[in-house]
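Novice: We have chain A already, so just place chain B on it with the hints.
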Amino acid sequence: EPEVTQTPSHQVTQMGQEVILRCVPISNHLYFYWYRQILGQKVEFLVSFYNNEISEKSEIFDDQFSVERPDGSNFTLKIRSTKLEDSAMYFCASKRLTNTGELFFGEGSRLTVL
Amino acid sequence: QKEVEQDPGPLSVPEGAIVSLNCTYSNSAFQYFMWYRQYSRKGPELLMYTYSSGNKEDGRFTAQVDKSSKYISLFIRDSQPSDSATYLCAMREGTQGGSEKLVFGKGTKLTVNP
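Protein sequence lines, in the order shown, are assigned to chains A and B.
Using our numbering, you'd call the opening residue of the first sequence number 373 and step up by one each time.
Using our numbering, you'd call the opening residue of the second sequence number -15 and step up by one each time.
Treat each hint with caution, since some may be false.
[To be verified] Listed below are several chain B residues computed to face chain A (Cβ distance under 10 Å; list not exhaustive):
1) 26
2) 28
3) 55
4) 72
5) 74
6) 76
7) 83
8) 84
9) 85
10) 86
11) 89
12) 90
13) 91
14) 94
[Said to hold, decoys possible] A few chain A positions that, by computed beta-carbon distances, are all more than 10 Å from chain B:
15) 390
16) 399
17) 420
18) 424
19) 445
20) 461
21) 486
Hints in this document: simulated from the structure, not taken from any laboratory.
Glycine included, each C-beta is placed from N, C-alpha and C at the ideal position.
For reference, chain A alone in the conformation it holds in the complex (with noise of 0.2 Å):
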């Protein structure tokens, strides 16, 4: 069955490092999506792509972050200067359709920023 893929499972990093997330979606899938997860805390959701542009961005997306499809596979979270309440658990989705709510979610990259 395809999947979501994400890496690394886990990082750590330093404040104020840049780090890159990385999620290959399902294959044939047209939209992508970061959410992430605060322990203890709801699925946010930060950000929509298609066509090669952000369709959607949450408030929590400020120019900290920034995503890319730099080839056709691959598809990349990057958070600049990182700080402690970036850490969370960053969830990368895909989904086929527009017309659809079967949103695909991979097992997510753990960043714990010290």
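Specialist: Relative to the frame of chain A, chain B by itself:
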């Protein structure tokens, strides 16, 4: 009023019990309704997806949506210890100019005891 409300539990039931999980919401523009299962420190796994109002059944799982009451439910019949997880409701607006983002409940932690 929070956009999506879900009783966090915890909920503990004996094996074989019928489990009822539910969420209420305030945004009348929500059209797509999902239930996800999440194991500890893992990604959300899509269980059920419903568009607009009505019921949907898949094996031991039944999802119900009552848009007039802004209330959704997930029923699990003949619950098994392997059903022990956190169950997240999630919803999004329609595709005609609506927001792409999924809005999640906080999750209900379920334990099914052998």
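Novice: Now tell me if each hint is right for this structure.
Specialist: Against the structure, the hints:
1. About 6 Å separates the beta-carbon of residue 26 (chain B) from the nearest beta-carbon of chain A, less than 10 Å, and the hint is met.
2. At a threshold of 10 Å, the smallest CB-CB gap from residue 28 (chain B) to chain A is about 5 Å, leaving the interface hint in force.
3. Restraint check, residue 55 (chain B) versus chain A: the minimum CB separation of about 17 Å is more than 10 Å; hint violated.
4. Hint status for residue 72 (chain B): holds, given a least beta-carbon distance of 7 Å to chain A, under 10 Å.
5. Look at residue 74 (chain B): its Cβ gets to within about 8 Å of chain A, closer than 10 Å, so that hint holds up.
6. Annotation: interface hint on residue 76 (chain B) holds; nearest CB of chain A at approximately 6 Å, less than 10 Å.
7. With its C-beta approaching chain A no nearer than about 7 Å, residue 83 (chain B) sits inside the 10 Å limit, and its interface hint holds.
8. The beta carbon of residue 84 (chain B) comes within 5 Å of a beta carbon in chain A, closer than 10 Å, and the hint placing it at the interface holds.
9. Because the closest C-beta pair between residue 85 (chain B) and chain A is about 4 Å apart, less than 10 Å, the hint holds.
10. Nearest Cβ of chain A to the Cβ of residue 86 (chain B): about 6 Å, under the 10 Å cut. The hint holds.
11. For residue 89 (chain B), the shortest C-beta to C-beta distance to chain A is roughly 7 Å, which falls under 10 Å, so the interface hint holds.
12. The criterion of a C-beta within 10 Å of any C-beta in chain A is met by residue 90 (chain B), whose closest approach is roughly 5 Å, and the hint holds.
13. Given hint, residue 91 (chain B) at the interface with chain A, holds; its Cβ is 8 Å from that chain's nearest Cβ, closer than 10 Å.
14. Hint status for residue 94 (chain B) relative to chain A: violated, with the closest Cβ pair at about 17 Å, above 10 Å.
15. Residue placement check: residue 390 (chain A) keeps its beta carbon more than 10 Å from all beta carbons of chain B (closest about 24 Å).
16. No Cβ of chain B comes within 10 Å of the Cβ of residue 399 (chain A); the nearest lies about 18 Å off, and the non-interface call holds.
17. Not every CB of chain B is more than 10 Å from the CB of residue 420 (chain A) (nearest about 5 Å), against its label as outside the interface.
18. Residue 424 (chain A), annotated as away from the interface, keeps every beta carbon of chain B farther than 10 Å; the closest lies near 16 Å.
19. Taking the minimum C-beta to C-beta distance to chain B, about 19 Å, the non-interface status of residue 445 (chain A) holds against the 10 Å cut.
20. Consistency note on residue 461 (chain A): stated as away from chain B, yet its beta-carbon is not over 10 Å from all of that chain's, at 7 Å minimum.
21. Listed as outside the interface, residue 486 (chain A) is consistent with that label: its C-beta sits roughly 19 Å from the nearest C-beta of chain B, beyond the 10 Å cut-off.
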